[in-house]
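One line per chain: the protein sequences are E and F, in this order. Numbering (our numbering) for the first sequence: 1 to 269. Numbering (our numbering) for the second sequence: 270 to 396.
If you're looking for bench data, these hints aren't it; they were derived computationally from the structure. Don't take each hint at face value.
Stated by the list, open to error - Straight-line alpha carbon distances no greater than 20 Å define the calculated PhoX-like cross-link-like pairs of lysine-lysine that follow:
# : chain 1 : residue 1 : chain 2 : residue 2
1 : E       : K216      : E       : K172
2 : F       : K364      : F       : K336
3 : F       : K314      : E       : K265
4 : F       : K336      : E       : K265
5 : E       : K191      : E       : K216
6 : E       : K200      : E       : K172
Claimed, not checked - Here are the simulated distance ranges between beta carbons:
#  : chain 1 : residue 1 : chain 2 : residue 2 : range
7  : F       : E308      : E       : P131      : 33 to 39 Å
8  : F       : G350      : E       : T204      : 53 to 59 Å
9  : E       : G99       : F       : T312      : 19 to 25 Å
10 : E       : V223      : F       : T312      : 53 to 59 Å
11 : E       : N89       : F       : A335      : 29 to 35 Å
Beta carbons: idealized from backbone N, C-alpha and C, even for Gly.
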Amino acid sequence: MRTLSMALALILVLAASPGFGQDRPPALRSFETLPDWSGAWAMVGGTVFDRATQTGEGGAVSKGVRSHPPYNAEWEAIYRSHLDRRDKNLFPDTISNCGVPAGFPRHFNLPDPYEFVVRPEQTWVLTENGPNVLRIYTDGRKHLADQWETYTGDSVGQWEGDTLVFTTVALKGYRDKDVILDRTGLVLSDKSRATTRIRKTDATTIEVQMTVEDPKALTKPWVVTKQFRKMPAGTRLYDYGCAENNRNPADVESGKTLVLGPDGKPLNK
Amino acid sequence: MRTHAPLLGALAIALALVFTVPAAAHHSGAGFNSDKVIELTGTIKEFQFTNPHTWIQLIVEDEKGAKVEWSLEWGAPNQLGRQGIRPSTFPPGAKVTMRLRPMLNGAPAGAFVGAKFPDGKTVGRWE
Numbered sequence: 001m002r003t004l005s006m007a008l009a010l011i012l013v014l015a016a017s018p019g020f021g022q023d024r025p026p027a028l029r030s031f032e033t034l035p036d037w038s039g040a041w042a043m044v045g046g047t048v049f050d051r052a053t054q055t056g057e058g059g060a061v062s063k064g065v066r067s068h069p070p071y072n073a074e075w076e077a078i079y080r081s082h083l084d085r086r087d088k089n090l091f092p093d094t095i096s097n098c099g100v101p102a103g104f105p106r107h108f109n110l111p112d113p114y115e116f117v118v119r120p121e122q123t124w125v126l127t128e129n130g131p132n133v134l135r136i137y138t139d140g141r142k143h144l145a146d147q148w149e150t151y152t153g154d155s156v157g158q159w160e161g162d163t164l165v166f167t168t169v170a171l172k173g174y175r176d177k178d179v180i181l182d183r184t185g186l187v188l189s190d191k192s193r194a195t196t197r198i199r200k201t202d203a204t205t206i207e208v209q210m211t212v213e214d215p216k217a218l219t220k221p222w223v224v225t226k227q228f229r230k231m232p233a234g235t236r237l238y239d240y241g242c243a244e245n246n247r248n249p250a251d252v253e254s255g256k257t258l259v260l261g262p263d264g265k266p267l268n269k
Numbered sequence: 270m271r272t273h274a275p276l277l278g279a280l281a282i283a284l285a286l287v288f289t290v291p292a293a294a295h296h297s298g299a300g301f302n303s304d305k306v307i308e309l310t311g312t313i314k315e316f317q318f319t320n321p322h323t324w325i326q327l328i329v330e331d332e333k334g335a336k337v338e339w340s341l342e343w344g345a346p347n348q349l350g351r352q353g354i355r356p357s358t359f360p361p362g363a364k365v366t367m368r369l370r371p372m373l374n375g376a377p378a379g380a381f382v383g384a385k386f387p388d389g390k391t392v393g394r395w396e
């Protein structure tokens, strides 16, 4: 009887404990077991996803290499309209080139150095350009069921060996017409989400493979791979502030890139 | 002002890619003439070592002797800084000859290509 009472008491204590009967967070990896992604990294290749759309001087460096999203007809038409504006040297939008986060997946499509900061509970992907921060939670948390949409969304994931696998949701996409993915005006909708795998393929290369799903804009998943090359040891990163002295603003009405003279007035309006 | 369009055309084409890689991520470089490089000799007024792009302000005398302020756009300060360029690279008051891709509409501005000081020191591309 005494043994039975003790067993019941133990069950009651356990039942009252936080987390009992619920999903327990996975044990965090220790620093020593995490991969070394330290240093500064630079994206390999240009900042246009679909290089086959590049025109003009300094155009396609890898002719025929396409990372063209598998758009449905409606969103292909939107993209084509942006390409038409690009061909007239007009920006598809006048906001995203200065002043708002690059967003996802453009976060992995930027010039200037990157840093991949690996911690047991989070990994941060820092970009000098912007600057931008992508936080990837690896502490076992889940996406919020009522997460509101933002430029960069919400990323949670886990380690699979030395590969960081995470999902990104709650992206505002092109809903407010202030998020483009590159200067050709490539866009996704506010229903886009992605599964991303980051791994170091050799001592000087990090590979980021994104599988983007978008039931509103795409007919099938869009798989994009970006590579990052390690920069020389000791490379420093600095402030980036587009508003500091932006003498090339885009004209809000026309989308034309202005050149401001020393008095702040456009030289080419 | 001396123009070296035939001689420097190939250089301009080669430099177009170099210049537009950092610049195009931020804005269009369509306002500059990618097929033409001109030379200007003048006095440095200011080197704006600022984001998102650096600007060199150069005072140049035109054919009538009037002083004209030219604006030469160069790369991002962070990228240039990592390559050894500093705010002191173009000290105010220094005489210098600069090569640039001028604006298409003739306004006194352009994309910086290279510079040469009287002592022979060069900055940027000056082959």
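We went through each hint and held it up to the structure:
{"no.": "1", "hint": "E:K216 x E:K172", "verdict": "holds (12 Å)"}
{"no.": "2", "hint": "F:K364 x F:K336", "verdict": "holds (14 Å)"}
{"no.": "3", "hint": "F:K314 x E:K265", "verdict": "holds (18 Å)"}
{"no.": "4", "hint": "F:K336 x E:K265", "verdict": "holds (19 Å)"}
{"no.": "5", "hint": "E:K191 x E:K216", "verdict": "holds (6 Å)"}
{"no.": "6", "hint": "E:K200 x E:K172", "verdict": "violated (29 Å)"}
{"no.": "7", "hint": "F:E308 x E:P131: 33 to 39 Å", "verdict": "holds (37 Å)"}
{"no.": "8", "hint": "F:G350 x E:T204: 53 to 59 Å", "verdict": "violated (23 Å)"}
{"no.": "9", "hint": "E:G99 x F:T312: 19 to 25 Å", "verdict": "violated (35 Å)"}
{"no.": "10", "hint": "E:V223 x F:T312: 53 to 59 Å", "verdict": "holds (55 Å)"}
{"no.": "11", "hint": "E:N89 x F:A335: 29 to 35 Å", "verdict": "holds (31 Å)"}
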